[in-house]
Amino acid sequence: MTRTTNEVAPHPWRLVDDLHVTRSGAAQMQTDLDLLDEVRAGSPAALRLYTWAAPALSIGRFQPETDVDADACARHGVEVVRRPTGGAALLHGGDLTYAVAMRVDTRTSVQASYDEIASALVAGLAVVGVKAAVARHDGPPGAVCFAGQQGADLRVGNRKVCGSAQLRRDGVVLQHGSILLRRLSIDETDLIAGSHPRDQLRQSTVTLDELGAPHDPRVVADALIVGFARALGMTYRQPLRTEGTSGTR
Amino acid sequence: MEFPEHLKYTKEHEWVAVDGGRARVGITDYAQDALGDIVYVQLPEVGATVAAMAPCAEVESTKSVSDIYAPVSGTIAEVNAALNDTPEIINQEPYGLGWLFDVDVADTSELDSLLDASAYRALVESE
Numbered sequence: 000m001t002r003t004t005n006e007v008a009p010h011p012w013r014l015v016d017d018l019h020v021t022r023s024g025a026a027q028m029q030t031d032l033d034l035l036d037e038v039r040a041g042s043p044a045a046l047r048l049y050t051w052a053a054p055a056l057s058i059g060r061f062q063p064e065t066d067v068d069a070d071a072c073a074r075h076g077v078e079v080v081r082r083p084t085g086g087a088a089l090l091h092g093g094d095l096t097y098a099v100a101m102r103v104d105t106r107t108s109v110q111a112s113y114d115e116i117a118s119a120l121v122a123g124l125a126v127v128g129v130k131a132a133v134a135r136h137d138g139p140p141g142a143v144c145f146a147g148q149q150g151a152d153l154r155v156g157n158r159k160v161c162g163s164a165q166l167r168r169d170g171v172v173l174q175h176g177s178i179l180l181r182r183l184s185i186d187e188t189d190l191i192a193g194s195h196p197r198d199q200l201r202q203s204t205v206t207l208d209e210l211g212a213p214h215d216p217r218v219v220a221d222a223l224i225v226g227f228a229r230a231l232g233m234t235y236r237q238p239l240r241t242e243g244t245s246g247t248r
Numbered sequence: 000m001e002f003p004e005h006l007k008y009t010k011e012h013e014w015v016a017v018d019g020g021r022a023r024v025g026i027t028d029y030a031q032d033a034l035g036d037i038v039y040v041q042l043p044e045v046g047a048t049v050a051a052m053a054p055c056a057e058v059e060s061t062k063s064v065s066d067i068y069a070p071v072s073g074t075i076a077e078v079n080a081a082l083n084d085t086p087e088i089i090n091q092e093p094y095g096l097g098w099l100f101d102v103d104v105a106d107t108s109e110l111d112s113l114l115d116a117s118a119y120r121a122l123v124e125s126e
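Residue numbers (numbering that gives the first Met the number 0), protein chains in the order written: chain Y, 0 to 248; chain R, 0 to 126.
Quick caveat, the hints were computed from the structure, so don't treat them as lab data. For every residue, glycine included, the Cβ atom is placed at its ideal position computed from N, Cα and C. Honestly, I wouldn't trust all of these hints.
What follows is a set of in silico ranges between Cβ atoms, one per label pair, in the way DEER data are often shown [unchecked claim]: (1) A116/R / R197/Y: 47 to 55 Å; (2) T65/Y / L110/R: 48 to 56 Å; (3) E44/R / A26/Y: 46 to 54 Å; (4) A69/Y / D84/R: 21 to 29 Å.
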């Protein structure tokens, strides 16, 4: 299964820069689903970039609600939202989230589509000096996204820096994922029943902050915008924004 | 890669085994290979009405959720409940124990629009 999705890449993509937009977690997921539906309806492929106004825990499409410690989430003021995509629980707030919606040949394997988008993410992270690589499956998936690695994810060394998931519908893939920018005062171990020890989770993950790389969302978002264009050989339908890119660390 | 001659196929990579007015449905060897390790299957309800080429089930593999389409219109007669606990048998035996559901076919003429093995093989092997 080596078929790739390159045939769709050269057409101009739509850039949805939502870093300045405040939405609830549920609205963020609906906006990603809307992106998928727009491409299903004939719109060009799209890249959306956003952050989270308040910490939110997203859980996978089929993840049991019993994985979540609802009392702890309420105590910490964390919204719980179900993703339309697969995978396990992920705490948002210290991350930059990307969403891609693009048409894929129905013969394209799941891993090939992850690899193609990974090439763009790797190129974007390279712009801010981070050398990331595609992760490989390291065991059965657990209840916490960042506690394990699969071919959907990116790592720096052996530590996971980006977790991604997909929904495929009518020949269109929605892939979204989180790039760890910085730690919050809480993490998934505070919110998921019976999850990994905090030390273990922290040792198996790394943030751009910890890598000494730029970790301002605006700077990293601009790097991804450049990286996607370079890696996929595409352009955007609207001019790139040029303000707000000076180096915050 | 297997393409059993006795089965019919869809362009969306489902297989269909026809037995009178009932059709057993699964996903092809090609599809399970493309999906990777399947960790969850959401099957339709027995008794549910399904429409030809409309989504009626979902599978998750490598954190990717994919639709499964009903090859023909009809009523779900039976589902493979073993997949609830062991979805990985779809990867191991896509044409056997890894079947998904049986449909009582509403209009058998819809079966005529399905692909035969050689046409399906040509589809997946074409560039």
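Tested hints:
For A116/R paired with R197/Y, a C-beta distance near 54 Å keeps the hint of 47 to 55 Å intact. For T65/Y paired with L110/R, a C-beta distance near 42 Å fails the hint of 48 to 56 Å. Between E44/R and A26/Y, the C-beta spacing of about 30 Å breaks the proposed range 46 to 54 Å. Checking the proposed 21 to 29 Å range against A69/Y and D84/R shows it holds: the Cβ atoms sit about 26 Å from each other.
Hint compliance for this structure: hints 2 and 3 are not met, and every other hint is.
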